[in-house]
Amino acid sequence: MTAMVNGIEMDYCVFGKGRRNFVILPGLSVKSVMLSAQAVEDAYKVFADEYRVWLFDRRRNMPETYSISEMAEDTAEVMEYLGLEGAYVFGASQGGMIAQVLAMEHPELVRKLVIGSSAARVERNADSPLNEWIRLAEKRETEALNLSFAERVYPEDVARAYHDFFVNDAATVTDEDLNRFVTLARGTEGFDVTERLPEIRCPMLLLGSNDDMVLGRDASFEIIEKMRDRADFRWFMYDGYGHAAYDTAPDYKERILDFFRG
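So for the sequence shown, this note's numbering puts the first residue at 172; every next one is plus one.
Keep in mind that the hints are not guaranteed to be accurate.
Said to hold, decoys possible - With a straight-line cut-off of 35 Å between C-alpha atoms, the simulated DSBU-like cross-links for lysine-lysine are:
(1) Lys202 <-> Lys424
(2) Lys216 <-> Lys202
(3) Lys397 <-> Lys216
(4) Lys202 <-> Lys397
These are calculated hints, taken from the structure and not from any lab test.
Make a model of the complete structure from these sequences and hints.
Quick look at the structure:
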């Protein structure tokens, strides 16, 4: 489905029959998350009885430069249009950055917040994964991009097991996909809401990874240090599941569900 509001075109899918709204804001991906919508529905089926689950993509008609704050504002516009006030929100990686801004700027939209493998600020040095991915995407080296993405995001055994999948998938990546990816990856430039974290007034859960090879474990601990004295803040760090612990840790969804229920 596509929401069209105030010039924004944003794809989303929805599943579940619950009375409460659960919004998922995914991380950066080479191709649209909508192509994996069925896999997401299968992964989050534990929520389907209690929640109406909404998975949002970034806007279709994005500008040439597109910051995290702009992504958050566009998401807020679409959520308001769909009547999703007081939602339970989970943002993974870049989606977690968007979710933080959403909670700060539009507290009426977020009842509880979970961020996974994310950061309150992004420092991109020349050797950072984001810069490497941007270079590969701009050079149209799709196989190298897919393999680098897999090796950084997933644990070594997972990246190795799915090596052929990532190689074959590279052949389906279009120039439009690559341009979109570069725009979104560059959107993290200058992102820093570290000092604004106390503006998040809703209960919050952070799920991080000690072996995060994309943003690093310190990104989670910077948030923890800012929020740990809050009685409504919880956190947990995974070991052995990589940046994509949100996909690979077997108890990840249950931790989110328990937090929402609490």
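Going down the list of hints, with the structure as the test:
Pair hint Lys202 plus Lys424 holds up; C-alpha atoms about 23 Å apart against a cutoff of 35 Å. Distance restraint check for Lys216 and Lys202: the Cα-Cα separation of roughly 23 Å lies within the 35 Å cut-off, and the hinted pair is therefore satisfied. For the hint pairing Lys397 with Lys216, the CA-to-CA distance comes to about 33 Å; that is within 35 Å, so the pair holds. Among the hinted pairs, Lys202 with Lys397 is consistent with the structure: their alpha-carbon atoms are about 34 Å apart, no more than 35 Å.
Consistency with the previously given hints is maintained throughout, with no hint failing.
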